[in-house]
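Going line by line, the protein sequences match chains R and G.
Everything in the first sequence is counted per my numbering, starting at 59 for the first residue and increasing by one.
Everything in the second sequence is counted per my numbering, starting at 2 for the first residue and increasing by one.
To be clear, the hints were calculated from the coordinates, so they are not data collected in a lab.
A quick note: this is a predicted structure, and the numbers were derived from the prediction, not measured.
We put the beta carbon where it would ideally sit given N, CA and C, even for glycine.
Careful: at least some of the hints might be erroneous.
Short derived list, chain G residues pointing at chain R, Cβ under 7 Å [unchecked claim]:
1) T222
2) G231
3) A260
4) D276
5) I278
6) I282
7) L309
8) L311
9) Q358
10) V360
Letter by letter, the chains look like this.
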Amino acid sequence: MSPLQGVNNRIHYGGLRRGAYLVWDRERCWHGEKVGVCIRTEKVDSGIKVDIGIAPKDGGDAVDTLQGEALTEGKIDHIYTVNWKGKPLGKAREFVLEAMIDGKLKEGPSDPLYVELEPPIFSA
Amino acid sequence: MSTKLAKAFARAQKMTTSRSVGKSTQKCPLRRTGIIVLVIRMPDETMIKGARVGFSGPKTAKMKTGSSGIAKLDKAPAGTYTITVDLGKSLLNDYAPPPVQPPLRVALGSRRILLVPVERLARPKIRVLNADDDKPVPDVGVKLSGTAPCNLGATTKAGLAQVGRKERGLKPGPYRVSLKVPGREPSSFEIEGRMDISLPAGCEDTFTFRIRPCWIEFIVTDQFDDRVSGVEYVLVYPEEKKTKKGQLKEGRVREDGPAGIYQLLLKYISYAAWDEIPLEIDKKAKLTAAVTGFDEGTAVTFDIYDSLDLRAGPVDTVKAKLGKKPHVEVEWTPTAEKLKNATSGALVFTVTAGKSQAVSPIAPVHVVQKVTMRIDGKPANTNVVLHLTRDRIQASVTDGEWEARVPWGQTLVSVEVPDSGGALATMKSDTGSQAFPLPSTE
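Same shape as in the complex, but just chain R (with noise of 0.2 Å):
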């Protein structure tokens, strides 16, 4: 952002953006594994409520939620364990995090989970 800029006796109105990043820490589990959410964010004061939502790739309602986590230094890394037995997944087997900071700031999707629900099955 260059500097904001202007003579005396006026109003001068500026923005900067707020942003996050966040992410899964792996592509690929089995269902009841523990996995790191981490959000790292961009113009967030330590202290903000992120609320973390976990919602099929392709759409639908949230299978879980982590309300209320606090950024400290910029950053959350919750570790999260993948428990959604009788939960009502249908055919989803990619599920991507989506955060909502301070109530406003929406960001995500995130790169998609894929969680193994059903256990494998090994040729004779």
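Keeping the supplied structure of chain R fixed, place chain G upon it in accordance with the hints.
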């Protein structure tokens, strides 16, 4: 000569000469020598009553002027007289001291008329208004320099400053007005109106000055139009004569100061980027960040992460210092050793300076594999598809050689040569050699 003065002069003359009354001539009632002093206010030529006139010479006398402004010395012997005119305390504040009179020679049998002009002093009013709303500005110190320097004190609630009623008026002449606004440097306000004024005798005009305090205001919002707080800033005054540091409160920076162009530098990193994407193993990459508002020499840290495994910490860190330019560029080379634990095949970096942080876009990492391909013992000229762990790469092989850019972290699963199904193929790469019959495709 004005009518008023002419009448006064005529009145004085009547006292000195004979008067024509038809054909007869009335003899002058004052047969002996005398002096008539006429004290007159300029420029309106009003006669001044009560001025004290002193005669010294062959005959000495002191007297006051009457309502006609005349003091008359009768029956004075001929000779040289010194005449002084003194306005007295009651008139001193409103009139300039009468000029010193040269000695007056009075001949025998004559009467001399001496006109003593006295200038009325000026009592101007200085009015100070706010240029933005025309409202009076109180407490502004007003000084006049020039002919007779004078401090008029502070403006009243009505924005007026003037010579006090009990104080002496101002000598006519040119003056320069200076204003002092409490709590402000002279450079931090502009004045509308000529500062040089000319005060004629008796001037009671009101001179109006409009002052416009100089200020600057910046409002910083985010993409939601919410005002941003907490970001440190550096405010640069006009011509970079001064800087001021602070922290945004309610997204606002307001400063009173001299007129001119201001700059507000927000202390933050506005972007972070790779110079070229995708990255290549063993090829230098440039990481850049736009860093504004920080002092020269501020430490800037680039932490490079596997784009997925942020929690594991950076795969490498590059430190730099901010130079004179508001951006930092560092070079970094991804190597197989540094990325041995990076499984995602892509990198991202954060750059931090002070409390500010920015995140770069994700950069895929490729490794260049030199592939030679022969089909039936001859260098291949064909289309080929490499099936990797997650991706596939399609290319044309010419003269059996191909530089394949393989995403980092992926391994070769199969090779497809659509044009040569069934032929025996040997493939060599940096990681080994494989011989296999090509799959048939339709």
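Each hint tested on the structure:
Hint on G/T222 holds. Least Cβ distance to chain R is approximately 5 Å, under the 7 Å limit. At a threshold of 7 Å, the smallest CB-CB gap from G/G231 to chain R is about 5 Å, leaving the interface hint in force. Checking G/A260 against chain R by beta carbon gives a least distance of about 5 Å; that is within 7 Å, so the hint holds. Against a cut-off of 7 Å between C-beta atoms, the interface hint on G/D276 is violated, since the closest Cβ of chain R lies about 19 Å away.
At about 15 Å, the closest approach between the beta carbon of G/I278 and any beta carbon in chain R exceeds 7 Å, and the interface hint on this residue is violated. Interface hint at G/I282: violated, since its Cβ lies 20 Å from the closest Cβ of chain R, which is beyond the 7 Å cut-off. Taking 7 Å as the C-beta contact cut-off toward chain R, the hint placing G/L309 at the interface holds, the least distance being around 5 Å. The restraint placing G/L311 at the interface with chain R holds, with a minimum CB-CB distance near 4 Å, inside the 7 Å limit.
Using the Cβ-Cβ criterion of 7 Å, the hint placing G/Q358 at the interface with chain R is satisfied: the shortest such distance is roughly 5 Å. Against a cut-off of 7 Å between C-beta atoms, the interface hint on G/V360 holds, since the closest Cβ of chain R lies about 4 Å away.
Of the numbered hints stated above, those contradicted by the structure are hints 4, 5, 6, listed in ascending order.
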